[in-house]
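Residue numbers (the working numbering), protein chains in the order written: chain A, 92 to 506; chain B, 209 to 798.
Mixed in with the good hints there might be a few duds.
[Unchecked claim] Derived DMTMM-like pairs (lysine to aspartate or glutamate); straight-line CA-CA distance at most 20 Å:
{"id": "1", "chain 1": "B", "residue 1": "K280", "chain 2": "B", "residue 2": "D309"}
{"id": "2", "chain 1": "A", "residue 1": "K282", "chain 2": "A", "residue 2": "E389"}
{"id": "3", "chain 1": "B", "residue 1": "K247", "chain 2": "B", "residue 2": "D303"}
{"id": "4", "chain 1": "A", "residue 1": "K439", "chain 2": "B", "residue 2": "D712"}
{"id": "5", "chain 1": "B", "residue 1": "K694", "chain 2": "B", "residue 2": "D645"}
{"id": "6", "chain 1": "A", "residue 1": "K239", "chain 2": "A", "residue 2": "D249"}
{"id": "7", "chain 1": "B", "residue 1": "K675", "chain 2": "B", "residue 2": "D730"}
{"id": "8", "chain 1": "A", "residue 1": "K439", "chain 2": "A", "residue 2": "E479"}
{"id": "9", "chain 1": "A", "residue 1": "K439", "chain 2": "B", "residue 2": "E754"}
{"id": "10", "chain 1": "B", "residue 1": "K280", "chain 2": "A", "residue 2": "E229"}
{"id": "11", "chain 1": "B", "residue 1": "K442", "chain 2": "B", "residue 2": "D245"}
{"id": "12", "chain 1": "A", "residue 1": "K439", "chain 2": "B", "residue 2": "D714"}
{"id": "13", "chain 1": "B", "residue 1": "K694", "chain 2": "B", "residue 2": "E751"}
{"id": "14", "chain 1": "B", "residue 1": "K280", "chain 2": "A", "residue 2": "D249"}
{"id": "15", "chain 1": "A", "residue 1": "K155", "chain 2": "A", "residue 2": "D183"}
[Claimed, not checked] Facing chain B, from chain A, some residues (calculated, C-beta under 10 Å):
{"id": "16", "residue": "A240"}
{"id": "17", "residue": "M321"}
{"id": "18", "residue": "R323"}
{"id": "19", "residue": "M326"}
{"id": "20", "residue": "S327"}
{"id": "21", "residue": "R328"}
{"id": "22", "residue": "R348"}
{"id": "23", "residue": "V349"}
{"id": "24", "residue": "P350"}
{"id": "25", "residue": "K439"}
The hints are simulated quantities; they were obtained by calculation from the structure and are not laboratory data. Note that CB positions come from ideal geometry on N, CA and C, so glycine has one too.
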Amino acid sequence: MPTKPTGPVQVRMYDVGFGDCFLLSVPYATGARHVLIDFGTTHGAPSAHMLSVAKDIATTCGGKLTAVVATHRHRDHIEGFATRKGGKGPGDVIASLKPDLVIQPWTEHPKAAPDATEPPKDRKALRLEIQSLSARQELAASLVARLKATRTIPRDLDYLAGNNLRNVSAVENLMRMGKKGKAEYVYSGFKTDLSKLLPGVKVHVLGPPTVRQTDTVLKQRQSDQDEFWMLRLKMSRPPSKAVGASLPREKQGTASRVPQHARWFVGQMKSIELAEVRSIVESLDKAMNNTSVILLFEAGSQRLLFPGDAQIENWAYALDPKRGFRKLLEGVTVYKVGHHGSRNATPKTLWNLFKARRSSGGKGLVSLISTMPEVHGSVNNRSEVPRETLVDALKAAGPLHSTEDFRGASLAQTL
Amino acid sequence: MANADRKPRTRRRTRASHVPRPTRLLRIIGQTPSFLDSKGRIVTDSVPVPAEVLSPGPRGYRVCVVDFDASKGTYRPAAAVPRGQANDRYLDANDSVLLSDPGFHAQNAYAIVMRTLARFEFALGRRVSWGFYGHQLQVAPHGIEDANAFYSEAAHGLTFGHFTGARSGKPVYTCLSHDIVAHETTHAIVDGLRDMYTDAALPDQAAFHEGFADIVALLSIFAIPRVMRASIEKVAKTGRPVNAAWLKESALLGIAEELGSELSPSLGRAEALRRSITIEPDPRLLSDPAYQEPHSRGEILVHPMLNAFVDVWSERVKPFVRSGSVTATRLWEEAAEAADHLLTMSIRALDYCPPLDLTFGDYLSALLTSDMVLVPDDSKYGYRDRLRKHFGAWGIAPSSKGGLETGAWQGPHHGLRRGQAISTERVHFDSLRTDPDEVFRFLWENRSALRVYDDAYTRVTSLRPCKRVGPDGFVLHETVAEYYQKIDCTANDLRSLGLKQPPDMDGHQQVTLFGGGTLIFDEFGTLRYHVRKRIDNLKHQQEKLEYLWTHRLIDRFGRLGSASVLAGDERFARLHQARMGASLSRAAEW
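Bound conformation, chain B alone (with noise of 0.2 Å):
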């Protein structure tokens, strides 16, 4: 009876003190195990990611560790995961333990995925979905021998690859870098967030999955303050002046190089990324064939917004520098905060994009809108005019003419004939915020004044309803809605549709033709943007079926211009594979 008195009084004391946390803090490798501090030990930092209570793997509520090696035929079980906010079994493990246990390597995996995926949720304002039907990514460590790391869509997971270092005959491992375990994360929720930029499209629209990637990864890594403070740390000694060339020489170069090291073989990470950063900007490159590939493409891309990262962070530390103040703590403070800004701005912009047939120019835009919309007066730092500036050094100019700001996407109205207005009559405000079809009937009603073609299938795929908090610390209520259309037909019937059949085209070629938008409701109920790409933009189908069918991009059944042209598992996969030489030209087969 003793006993069964005391169990319960610990259990009420137990719940009384109980205050849920939201987070918890985990310890990462901060960017490579090649990475080290001052002392020589590997850079690590304790980041949060969201709390819960976890299985072995680790496995969690959106990410589950399964540590098979498909190479070797192997499963390796794991160990419990401590619970709690202050248990983390690595707090104080010393480096050889970091590198050598899987539990380790689990962990690190699960923790950046986690964090990249708990970064993206905040920026948006709401839950992100995978790109697949189901909640938890499979992650797998030690997944294949092999310097390779890839997302893959019909695995639901993300495969991580280990082999031996060329230079150093070491055992890599892919999972305990930074760079390569957000960058695969953000494939697999870009893919959630908008599943037609695999579809086969021009050049831009793979670059975009790659740089993008990319620019998340580099600016979480900027935003770890351990790793700027141990990149700052090394180059302050020589006492040269800090300025832009400085700080992008020194912390970013630093950090592009420590990054492909040993990877830069496999995944043509160091030549990438500092490509990225020294490229002299040059807008003939976005036509030389050198720059079709998606990951070449793709450094174009992260040039600019990199460029605009170092500029803000210059200009934030300046007064520190004029008056003779600055410490390296101040730099890496005042990086980590440019850096987040930029990656939240980064982020955002994709509900601002087109769903599909994405482009540069049409990024800026959304880009430009997003924090617009958000941050008005952007005077303090300029982070809009330098991104305008950046990529204009590209020869790539927002998509909008027009716009409350230069370059930001116009309002809805822009365009309506006269007399013509959008309506919101017959539809119900609290059904649009959650319910596909009420958006497609808001859609169809106003097909005129939205010139949605109504000769085509016509469907809404997505309606996110999003918070954010605004300028004035007040919580917007924001709905993002996706609606496609799509025109099956052969090369025979595109005359009718206005375009040119491609002279070596055959008549009966089946030829698929897409188009769709991206609608942004505010918070009553009133459209504020139509992103759109219009399946009749004859201009732009015809400059697609072109680029289509040079490269013969085609279905396994033989149609032009459809969803997949490769298998959902083998997209990623095989765009690492096609950076080391597999040729994109089929024009000439039979």
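Next comes chain A alone, as it looks inside the complex (with noise of 0.2 Å):
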């Protein structure tokens, strides 16, 4: 039984289009240990490049995963767990390595019960926001879905509701291969057994916080919030069948029905409609990311940082100094940059703490961004990702690795 690792811990870092893949390795005298974080894929992969990744991740682990991290349900961060008919998706051969512990947040407990200690009144709340994130990314779907029957929706939304499109063989997958091994399902302060698995690493889970740890007012909203999307779920389908009030059916309209001097109006509404759908995209998919599981290894004089795409609501209950992780997060040596650089999901605070930038005089912090650009946001409205800002305050603290330097060039890059 090892004690400690031999060397510094290994990140291999894939490039799977838009998503995040990360395979950790930690030496040991026995063999080194290997952990996966994520292994999603939303933008150009194609599904034999995502099967030569898991192939290029069963060679270089040896056959064998000690952990799989799903940081959250985004398609960019579980895409690759999908199995497919014959056992030949990329999912298949993950399940193949046998992981002994699979860890996902809190929100993707199938019985939506993560904390038995919780009192019934926390575990309610627990439920209620698992229940309305599905509901919301039910609600999401049939919007968009109506939208696109009646024209051609922005190509920035179409690819944000993909991103929050349900992938159940990727979920069942994971679920799947918690059961045959450890399944942890992890909220701030979860003393994962991670640490157990990885002799001498420390693995600490910053993030997310329950509903229990979130502070009274937001609680009250927050559930007001969970209430309202499951009963907007409802709202959104048909009425039940023997209602009578029911308008007569429209004929449905074409552009030259409309009067003259409603087509501007008409107009109008139709971009009302696309953002109040985009806004409701927008939302389920902030919600989803809040839901990231934020990892923290410590291993020797090394320490690692994997929020996922937490953004500044799941970050805020870590930061609080109350908490103690402040003094962790400070001796960050590699940081994976929060989702894809977007310009809200590294905050400030945390930025500041981390004492390796050289602007803090420091030897210099190690960021891994894995991203494309185009994707995301644009310029215009400073929502660009990755946000030119933080790319240069990152190239300023320290090396910046990004999928874009080896992209066509090579799978991975080991560092």
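Could you use the hints to bring the two separately framed chains together as a complex?
Right, dumping it as structure tokens:
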């Protein structure tokens, strides 16, 4: 039984198009142990590519994974876990690596009961939030489908909506792997067995906070919101049959039937409808990002931070000085840039804590970013991903490794 | 020839008997379709709206109904609208027709919008423009499949959603809810009267838009006799003594709960309205994080208004209760009177509000002043005392510390230095009523006396002559003008202006500071009130600057404090979404 790593932790970063896929390898005298953090894609990676990535993971880890982490449910983080009939999907390859542990956020717990020690009232709130997330997912999917039935929708909205669609195969595969090995549905402060599986490495779970961990005002607002989304989904469904008060069915209108005086207004209304659907999809996207597991690996002098796509709301809990995580965060040496470098996933408070930044007199903060330009947002409204100002700051802080650097040239890069 | 002979005769007869009527009656749903009378029928009433010859839609001189459903992409052609006072196609229609006939939905929306607009014009004594360049507000009664309804400045219109009732499974049409139609119409009107109230500012201002829209919607409903009657009849059987608590619980809460029953989850109506009535006043709530969101904070404004209404109402029925002659009719008649008076007061107060950066205290001072000018003797029912008391319970003091009456605005001569006077020597009285340039000249000539900062861009944005009937029965002519001032600078310039740059603000950050005032001239062209937000009030500017910066209320060009943080069409729709969880803090972003 090894007691400590024999060298520094290695990170292998895969190009999966727009998505995250990182393989951590901890060397021991008895052989390295490997942790796969996310395996997703949404852009530019055909399934054959994902299968090659899966096979490369299998080769690199020598046929055995110690753990799989699926930070959150977005396709760009879990798509690769999907299986195929005949057992030849990338997810089948990962399952064959028999991970001892599968780590997911508490919001993925199949029975919505991640912590039996929680008082019943809190358990109810947890369940409500989990149900609300799937209600939102269903609502957004139906609204986008409705919109698509009447017009072509903008590319970025189409992308965002697709990323938030349920990937049943991947979700089920993760669950199955968890059953075969061990499944952990984690939250801030959770004591993960990963620390035991990686002797000499301390693994801290910084997020996501549970409903109980959120302060009272927010908690109330949260549960109001949860109920709101579930009701809203019900409202979007067609009325029950024997209702009597439905309007007579309209004839499908064509542009020529709309009288001249109304055409301008009709155009305006179409934009309003689009904006409404967009805001619902965006809010779902954000809520989903905020379920991200935030892990910090402490190995010797190395501290590696993997925050998934956690945005400010998720981070707010861990960054509160009362939680005692600040000291740990100060020592981060390797930072997996949150949410592909978007403007609101690397809170300034967090950034200012990193002592390794050159600007703070450190040796240099190593950053890893999986990204692809022109998928998300635009420079005009300062929402481009990765955000230029953040990329500049990362470059100034130390070496920045991006999937952009080796895209097309090789599958992965080991650091 | 015989025919030709007959025709002109008919025409002559018609002309001779034709007296144009100012209004026509249209049937509307009094409250919501779920509010039923004792016989189980939807409570409806025929209300007067300005008479006009309508095109199919209905489309009239201020409102055009366009039945387009953006979610389905379908347009429903409208039926012709019969002419004439007595011609209401739906006068005798049964409930199922009211619920399922899109023509009635269109009429209901049209009539409530027109009624609300007419109510504003009556109170203000002048035509009231919408908040966009155009005369006709577009109204989509089934505009979107969504549990939402909103005003959009960019679309020049109101969009009413329809959806499946979460509890009943039945279709719900927001265009049939009086409260929602009046609320959204009020947004459109206030945006026309005070377009800077949608700008980024301290939380009171956005909350005012929401709270005020609720006040207008609720008081309009209380002023519909049949609604009040149905509400009172329902609870009159309980036999409890009639007093303020009874009125509050029975009638008001009843109405609030009905309004929200199907709509609550969508717009938070039931909870919000119930809270507006039952919440215990607590000054600490004004600084509570949960009450910074516009709708929630708006509830704080609604509470004192409704409580003043209940007080006045119970005061009005007291003599009848004492003499044992109180009847349901007396109760609802008095409610309608009290609601109507308060509604006029609430609307008139807008003319006495500053053009920007409104606070609840400003609105209270405006309420007190506008009513005092028109009804100097308040001793009968004590509307103003009750308002002072109920606002006071929330820790909301009038912004004015003096005035002819406690809390009313002070005259423009207050604060003049010795020897200083407001001069009208070089301005022309007639032009002052019609020409913004003349008002600007007045402002410029008196910039020192009026403390108008002269190192800022200044513009007179509106000039509105209005007529009102005073307490003595005589017509009062007033002129209301608004101006604003603006300074565009960078954070580096803040120090030279006497302001502190927030520590984490970059020196190159673009910043806009605003100030301005409302000028009220009497019929002799004498300035009676100058309600202002001075651009050089450093305490106010510093507070606003820090608030905007903390919440990163930055426009899409990166400017802090500029007019539109959100594009026009998004402001109200987003507000309704924001209530359900959008984050307001962008302080940590890149």
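Going down the list of hints, with the structure as the test:
{"no.": "1", "hint": "B:K280 x B:D309", "result": "holds (18 Å)"}
{"no.": "2", "hint": "A:K282 x A:E389", "result": "holds (14 Å)"}
{"no.": "3", "hint": "B:K247 x B:D303", "result": "holds (12 Å)"}
{"no.": "4", "hint": "A:K439 x B:D712", "result": "holds (11 Å)"}
{"no.": "5", "hint": "B:K694 x B:D645", "result": "holds (18 Å)"}
{"no.": "6", "hint": "A:K239 x A:D249", "result": "holds (9 Å)"}
{"no.": "7", "hint": "B:K675 x B:D730", "result": "holds (11 Å)"}
{"no.": "8", "hint": "A:K439 x A:E479", "result": "holds (15 Å)"}
{"no.": "9", "hint": "A:K439 x B:E754", "result": "holds (18 Å)"}
{"no.": "10", "hint": "B:K280 x A:E229", "result": "holds (19 Å)"}
{"no.": "11", "hint": "B:K442 x B:D245", "result": "holds (8 Å)"}
{"no.": "12", "hint": "A:K439 x B:D714", "result": "holds (14 Å)"}
{"no.": "13", "hint": "B:K694 x B:E751", "result": "holds (17 Å)"}
{"no.": "14", "hint": "B:K280 x A:D249", "result": "holds (19 Å)"}
{"no.": "15", "hint": "A:K155 x A:D183", "result": "holds (13 Å)"}
{"no.": "16", "hint": "A240", "result": "holds (8 Å)"}
{"no.": "17", "hint": "M321", "result": "holds (8 Å)"}
{"no.": "18", "hint": "R323", "result": "holds (6 Å)"}
{"no.": "19", "hint": "M326", "result": "holds (4 Å)"}
{"no.": "20", "hint": "S327", "result": "holds (7 Å)"}
{"no.": "21", "hint": "R328", "result": "holds (6 Å)"}
{"no.": "22", "hint": "R348", "result": "holds (6 Å)"}
{"no.": "23", "hint": "V349", "result": "holds (5 Å)"}
{"no.": "24", "hint": "P350", "result": "holds (8 Å)"}
{"no.": "25", "hint": "K439", "result": "holds (5 Å)"}
When the structure is compared with the earlier hints, no violation turns up for any of them.
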